[in-house]
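There are 2 protein chains.
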Amino acid sequence: MGHLDPYFLTLLDDTQSMLREVFGTKNALTLPISATGSAGMETCFVNLLEAGDRALICRHGVFGGRMAEVARRCGAEVTVVDAPWGRAIDPNDVARIAKGGAFKVLALVHAETSTGVLQDLSPFRSIADSCGALLVVDAVTSLGGVAIEIDRMGIDAVYSGTQKCLSCPPGLSPVSFSERAQGVLENRKTPVQSWYFDLTLIGRYFGTERVYHHTAPVNMIYALHESLRLVLEEGLHARYRRHRDHARALWAGLEGIGIALPVESSVRLPPLTLAQIPEGVDDRKVRARLLDEHGLEIGGGLGEFAGKAWRIGLMGASSTPRHIELCLRALEEALG
Amino acid sequence: MGHLDPYFLTLLDDTQSMLREVFGTKNALTLPISATGSAGMETCFVNLLEAGDRALICRHGVFGGRMAEVARRCGAEVTVVDAPWGRAIDPNDVARIAKGGAFKVLALVHAETSTGVLQDLSPFRSIADSCGALLVVDAVTSLGGVAIEIDRMGIDAVYSGTQKCLSCPPGLSPVSFSERAQGVLENRKTPVQSWYFDLTLIGRYFGTERVYHHTAPVNMIYALHESLRLVLEEGLHARYRRHRDHARALWAGLEGIGIALPVESSVRLPPLTLAQIPEGVDDRKVRARLLDEHGLEIGGGLGEFAGKAWRIGLMGASSTPRHIELCLRALEEALG
Numbered sequence: 001m002g003h004l005d006p007y008f009l010t011l012l013d014d015t016q017s018m019l020r021e022v023f024g025t026k027n028a029l030t031l032p033i034s035a036t037g038s039a040g041m042e043t044c045f046v047n048l049l050e051a052g053d054r055a056l057i058c059r060h061g062v063f064g065g066r067m068a069e070v071a072r073r074c075g076a077e078v079t080v081v082d083a084p085w086g087r088a089i090d091p092n093d094v095a096r097i098a099k100g101g102a103f104k105v106l107a108l109v110h111a112e113t114s115t116g117v118l119q120d121l122s123p124f125r126s127i128a129d130s131c132g133a134l135l136v137v138d139a140v141t142s143l144g145g146v147a148i149e150i151d152r153m154g155i156d157a158v159y160s161g162t163q164k165c166l167s168c169p170p171g172l173s174p175v176s177f178s179e180r181a182q183g184v185l186e187n188r189k190t191p192v193q194s195w196y197f198d199l200t201l202i203g204r205y206f207g208t209e210r211v212y213h214h215t216a217p218v219n220m221i222y223a224l225h226e227s228l229r230l231v232l233e234e235g236l237h238a239r240y241r242r243h244r245d246h247a248r249a250l251w252a253g254l255e256g257i258g259i260a261l262p263v264e265s266s267v268r269l270p271p272l273t274l275a276q277i278p279e280g281v282d283d284r285k286v287r288a289r290l291l292d293e294h295g296l297e298i299g300g301g302l303g304e305f306a307g308k309a310w311r312i313g314l315m316g317a318s319s320t321p322r323h324i325e326l327c328l329r330a331l332e333e334a335l336g
Numbered sequence: 337m338g339h340l341d342p343y344f345l346t347l348l349d350d351t352q353s354m355l356r357e358v359f360g361t362k363n364a365l366t367l368p369i370s371a372t373g374s375a376g377m378e379t380c381f382v383n384l385l386e387a388g389d390r391a392l393i394c395r396h397g398v399f400g401g402r403m404a405e406v407a408r409r410c411g412a413e414v415t416v417v418d419a420p421w422g423r424a425i426d427p428n429d430v431a432r433i434a435k436g437g438a439f440k441v442l443a444l445v446h447a448e449t450s451t452g453v454l455q456d457l458s459p460f461r462s463i464a465d466s467c468g469a470l471l472v473v474d475a476v477t478s479l480g481g482v483a484i485e486i487d488r489m490g491i492d493a494v495y496s497g498t499q500k501c502l503s504c505p506p507g508l509s510p511v512s513f514s515e516r517a518q519g520v521l522e523n524r525k526t527p528v529q530s531w532y533f534d535l536t537l538i539g540r541y542f543g544t545e546r547v548y549h550h551t552a553p554v555n556m557i558y559a560l561h562e563s564l565r566l567v568l569e570e571g572l573h574a575r576y577r578r579h580r581d582h583a584r585a586l587w588a589g590l591e592g593i594g595i596a597l598p599v600e601s602s603v604r605l606p607p608l609t610l611a612q613i614p615e616g617v618d619d620r621k622v623r624a625r626l627l628d629e630h631g632l633e634i635g636g637g638l639g640e641f642a643g644k645a646w647r648i649g650l651m652g653a654s655s656t657p658r659h660i661e662l663c664l665r666a667l668e669e670a671l672g
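So the protein lines, in turn, are chains L and P. Here the first sequence is numbered in our numbering, starting from 1 and rising by one per residue. Here the second sequence is numbered in our numbering, starting from 337 and rising by one per residue.
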């Protein structure tokens, strides 16, 4: 099926319309970028920032740090607000800095995959307003697993990935831009530094003009279409509840076998659980054993948690009682 | 299968080693970029060029023009050498300008998909040497369909796509960098402006360190692995011969039903044929009819050939006698 075939173009329209539903938005500029999640991050920054712009970026894990790095490569002057790894960003810290001056962009991560922290987004629209900023959110590990209603939250630009709670193969990065963000894009003084991620060009293929930009990854878009269809068939609220309930069962089970959970329960992320590696346990050996003997992959710790914690995903199709039981049994066995 | 799973990593190694064979290179830095062909173009320029560098770019169709645009967005000072659409670049024109000064990069398109012209690459290594430039080549529509031996040709950086003569779905862009290009990359004064396409980071995932950069599009890499396996099973020379023989049959057939071929036979590109639309024929109507009645898609003209010529692909799995017969019969019928 060709990427300009009329049949494929209707499938593309359907994909965009389902994406809007899952994102909770009416944004016209809602589409999958033809590359993995981190490319969605780059798409947001590269389209909204120009050299010399100021960006206020919250960092409480790998992905906040990556946002700061990407923004700097756009020539932006970046101010970082940190929170300790495993904790949420304190909105008061951000508000204090926002009061001090104007920013083009205020960015934060909704679901930090590196630490298993879920950030409450509700205070940030008014903080962004206080410094005149667009609000940019990383929803890679939340989309389809944790409620994110971007219109209600006043989010201006959001990006996600397909391989987390959507249970689609990796390869696309859904993004959505508000009218305000689109306005900023249209009024840039300089061209977007990336041709491939330039939404002024990509938007003309996904819009009504159907102008060729690059060859769309047709098969991946079929996969995304099917995964979004399954998400909506289950229903968003049922799906969020399923992720929450199963996460709670996993948390109780882990604590039951003596594994501590470093993230406070009020900000724990249902699709991804940070589990402390017990004293004296060999991280790599346990993970290799889980993979070899049970076909079960759990993530190693990242950054400050490398070697100290595991990251256990219960995302989309893998958020089931069977996966929880397998994981607990396998861990119990491996820890002897 | 996870993107850091030991089994997947061996598949990745195999994919890289088959890619080297198809590219005709021993380059260590040979890998698929996680995005479609145009992203490979951006990867080459963004890694090799820094603001203020001079680039000499040959343009005889859409993709040469795109290279110039991408290079400009890297902050490079771009000099363009043009050839008329439907003709090859004259190496003498390039040599004349190269004599006049130093360039960081000399870039050209091997197989211009917008015009159906195959460029002889052999004069360009010495022209690049005369101005101290790295030689960058677009091999999107040649890889796996037309001989391209990048080490023998002294090419420093090359990019391709998966959906042309490799007959793999679109979604990856194989690239290869020579040692010299890698040296230029390692000695940059400024960071690569794109984080997603930064080969200093991507190379650490594909190399022996296996450092996480972004989640590799696992399923697409399986697809590329299988398509490369099939290419090598057929044999490179047998495959090139097949593309050439079938193209000749198509050309004879088209001329037989009164359709002129605007590109001179000596530079005609086997995988993609430019066919002149006969006087008085409705371009869109014929293409819609081919698609509706025969499930056959031929490309519309691009740029100067829009509405004036069709582009007929015989690439990879579609370069067969059956496809040629279907195309000729369908066209004859549609033209009445």
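Fair warning: there could be bad hints in the mix.
[As the list claims (entries may be wrong)] Result set (DMTMM-like, lysine to aspartate or glutamate): computed pairs, CA atoms no more than 25 Å apart in a straight line:
(1) L:Lys189 with P:Glu386
(2) P:Lys525 with L:Asp13
(3) L:Lys189 with P:Glu413
(4) P:Lys525 with L:Glu77
None of these hints come from the bench; they were simulated from the model.
query: Straight-line Cα separation of L:Lys189 and P:Glu386 no greater than 25 Å?
result: Holds, because 20 Å separates the two Cα atoms, which is no more than 25 Å.
- prompt: Would the pair P:Lys525 and L:Glu77 pass a check requiring their Cα atoms to be no farther apart than 25 Å?
  reply: holds (19 Å)
query: Does the structure keep L:Lys189 and P:Glu413 at a Cα separation of 25 Å or less?
result: Holds, at about 19 Å.
- prompt: Does L:Asp13 lie within 25 Å of P:Lys525 when you go C-alpha to C-alpha?
  reply: violated (44 Å)
Violation of the numbered hints given earlier is confined to hint 2; every other hint is satisfied by the structure.
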